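Visitor: Sequence:
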Amino acid sequence: MKSIWLSAFLILLVSCFSLQLTGQRNEVTGKNIHQNDSGVFNQIDSINLLSRNLVFIDPAKSLDYANKALKLSINNRYDKGTAESYRILSGIYSYFENYSLSLEFNQAAYDIFSELHDSAGIANCYISLGHINKGLGQKESELNFHKKSYEIYSRLKNPERMGVTSYNLGESCYNNGDTAGCRKMILLAVSINDSLKNLAVLSACYNVLGKLELDNNRLERAKDCFNKVLEIKSRLGTESQKIATPESILSLSRISKLQNNKKDQLAYLKMAEKFCLDNELHNYLKLVYLDFMQYYSEMDDSRSVRKYLDLYKNMQDSIDRQQLLNMYNLTRNIPVVHELSQQKIMLEQENMMHLQKIRERNIILASALFSIILLCGLLIIIFSSNKKLKNQKQTIEYQSKQLEILNNTKDKFFGIISHDLRSPLNSIKTVSMLLAEFIDKMDKSKIIKLSQELGTTVDNTIRMTENLSNWARLQMKDFKTVPERVNLKEIVSPVYEVYNEVAQQKEIDLICEFDQNLTVLGDKNQIEFILRNLVNNAIKYTKRGGHVGLLAKQVNDDHVQIIVSDNGIGIPEKLKNELFDLGKNHVSYGTEEEKGTGLGLILCNDFLKLNNGQLEIESHEGEGTTVRVTLFNGNKLKA
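Going left to right, the sequence shown walks through residues 3 to 641 as the working numbering numbers them.
Derived from the structure by calculation, the hints contain no laboratory data. Being a predicted model, the structure only gives us computed values, none of them experimental. Check each hint, because a few of them may be wrong.
Calculated lysine-lysine pairs in the DSS-like style (CA-CA distance at most 25 Å, straight line) [what the hints assert, rightly or not]:
| no. | residue 1 | residue 2 |
| --- | --- | --- |
| 1 | K276 | K259 |
| 2 | K443 | K259 |
| 3 | K309 | K264 |
Turn these sequences into a full structure, and let the hints guide you.
Guide: The structure is reproduced here in structure tokens:
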């Protein structure tokens, strides 16, 4: 027994020295890593610079580069690179008018730059805050932040950034009605950027000067400024300023209108149209089409007015699709960024835990030299702690998976709100604007058609809002299911009466057959909601002249089955497994372009679960769809 204790003591003593040497080797290795960090840091700075330059040229590529730089920065513990990546992400989200997340990323960047005492980084955050407040319409705050950034770079004597910040400050003065301050700062910006050959910013400066002259009705001076923008455009080619250039061309068109020069007005409009098409500037292209409509309206050319009216509506649809794509890219990026942020926190925590474990281990081993019994007790404590940490880790991993599912659901929900609600509201706005502006030039049939389209859009929006409201209440556990034994006639008859008229309008035969004495056990309102959605879907995806069936039957002693069938277009094979997955759900269109988000079917499935029911779908593309809803009949309830 004595020899065993002596052997244990010697092993522990050797282990103590081995661990101490290992810790020393780890410290040396850490020093070598930091000595080799400069090359990686330079790579990160280059990626961030490339991302920053692409923000207003190709935001999608800029987003990819920013994510790459952020991941490298966090993995290599490069705080300055992390802060700059956050600031660039703030600029990208601001460009897409997502100001909430833009402010969040900018604040994260500001906190890191403040800890590093990096004045240039702080100044860049002020620039971003100025642009964010401009987008939010907070003109005074916009001015204050651009003034702060200009003051910092003036103190740092950085000519390139002084050229940018003086322009930003001058434009903010213009937005705040400070003409004198605007002229002073823009002339300074022209001087700096001209000496640095920074043509992109110089182009923007001349655009603001042109606006100043135009506001004061000095048309010829304004034309000179706007023409300088076009001269710079020809020198820059594809790298020309994407804001100053279209604005200057449109301003030249409007000056020609004021001078009653119809020929030049039309020429500038065509130039603006080509530039916007070449550079995919959809929002500016809408303004160009509106000016075209105004021009041809004054020329009494109704055919051209209709042409550009159609182009305007198509462009609005294109913008809506692009906004959906942008929203998808941005929302897809949110979990990535948050995951990287969590990874940064975890790396810091792991480092602290590693150091703490080394200290604890040395204490334990030192104590072992004095008492083997005490060491055994400490080893038992460590073993228990490790087991507890393992259990906690498993809990955290489970919670992370649940959070990922919730994030995917949230992304889809916000996507539906931002696109599927925004799109019809934009359509309503467009139609109402066209009616208000061109009603005197439209014939009665056109007005009636637009009004009918407006009514249909409002009805669809109301239905979509109801589905979104019900879904949100389900997620918040706000729905209370009150089961009762209900005669099926009380549910099916109202649904048939409402949708029979809808089916007739589409020349569809709606067939309703069921035993009048059938009963079901469940919440009456929720079951009626399920049938309304299923019948509506069947009509939506059935072509004119088709038929839809609404049938009910007793399948056994305990269950009733309600069947909604159609001979419509059916469900594509690739979508069948994604019908009830909100994160993968796709927007679909009916046989007459009726729009749907798929949320109604998900709600039906959720409501059926609340009512202890089942939903089965059988569909073949091009042949039709059959949906079977199985519910308890309530016969076993005691009277």
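Visitor: Hint by hint, say whether it matches the structure.
Guide: Taking the hints in turn, this is what the structure says about them:
1. K276 with K259: holds, 20 Å
2. K443 with K259: holds, 21 Å
3. K309 with K264: holds, 19 Å
Of the hints listed earlier, there is not a single one the structure fails to meet.
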